[in-house]
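J.: Now for the letters of each chain:
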Amino acid sequence: EDQVTQSPEALRLQEGESSSLNCSYTVSGLRGLFWYRQDPGKGPEFLFTLYSAGEEKEKERLKATLTKKESFLHITAPKPEDSATYLCAAKTTDSWGKLQFGAGTQVVVTP
Amino acid sequence: DGGITQSPKYLFRKEGQNVTLSCEQNLNHDAMYWYRQDPGQGLRLIYYSQIVNDFQKGDIAEGYSVSREKKESFPLTVTSAQKNPTAFYLCASSIGVAGGYNEQFFGPGTRLTVL
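Quick note, the sequences are listed as chains A and B, same order.
Under the working numbering, the residues of the first sequence are numbered 1 to 111, in order.
Under the working numbering, the residues of the second sequence are numbered 112 to 226, in order.
Calculated from the structure, these hints are not laboratory results.
The beta carbon of each residue, even a glycine, is placed where N, CA and C say it ideally should be.
Check before you lean on any hint, since a few could be wrong.
[As the list claims (entries may be wrong)] Heads up, simulated DSSO-like pairs for lysine-lysine below, C-alpha to C-alpha not over 27 Å straight-line:
| hint | chain 1 | residue 1 | chain 2 | residue 2 |
| --- | --- | --- | --- | --- |
| 1 | B | 125 | A | 98 |
| 2 | A | 42 | B | 182 |
| 3 | B | 194 | A | 98 |
| 4 | A | 42 | A | 59 |
| 5 | A | 42 | B | 168 |
[Claimed, not checked] Distance ranges between label pairs, derived from CB positions:
| hint | chain 1 | residue 1 | chain 2 | residue 2 | range |
| --- | --- | --- | --- | --- | --- |
| 6 | A | 59 | B | 113 | 19 to 25 Å |
| 7 | A | 7 | B | 155 | 18 to 24 Å |
| 8 | A | 18 | B | 129 | 48 to 54 Å |
| 9 | A | 12 | B | 184 | 40 to 46 Å |
| 10 | A | 93 | B | 155 | 18 to 24 Å |
| 11 | A | 12 | B | 155 | 37 to 43 Å |
| 12 | B | 138 | A | 20 | 41 to 47 Å |
| 13 | A | 10 | B | 121 | 23 to 29 Å |
| 14 | A | 59 | B | 180 | 36 to 42 Å |
| 15 | B | 226 | A | 56 | 31 to 37 Å |
| 16 | B | 127 | A | 9 | 32 to 38 Å |
| 17 | B | 226 | A | 54 | 47 to 53 Å |
| 18 | A | 15 | B | 165 | 45 to 51 Å |
| 19 | A | 3 | B | 129 | 45 to 51 Å |
Using the sequences and the hints given, assemble the complete structure.
T.: Here it is, written out as structure tokens:
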């Protein structure tokens, strides 16, 4: 059974304190690994897609990386506005459009 | 501005009532999806549609129904058969089947509460 697991469930950071979020996946065949940001009471906002091991993508203070078993979202020198829940999702070779989502990591950045 | 709209933002339902959640997109996307989000759980797929007049059940379709009569619209009906409908409902769309690598873009969500 395809599974996507995110850790930690929650993360509290001081402003400027860099950290990483983990997304581990066990799927039949990966066709894409997606990262989203979700603010409370709102829909997820697309951040990145990673397709193959070794790939990296960056956007402002966020950097996503992918290995054969997991993906990391690195937050460098976070600011309070980076506070959100970060979701990862995997798309597999045998699921037409379905994304398998993890439960998310809730990040709180304090001044 | 291109995007996905959902209405209403908040919806209250009495036991035994059917309610319909609206989802409209002007991104010219072929594929549309409905997800349900509960606290502490990942998004779960209810239904998806690859093209007009066609849709498939997702992982948790029981107690829900959909239609896809127009490319832009994919309404979701929560029927009285859904035992625990209180949740946050999210609609998404993507370009379509071609390539198979397409990102899904989400609407703002509808929070449904059963009274």
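J.: Hints the structure violates: just list their numbers, smallest first.
T.: 1, 11, 12, 15, 19
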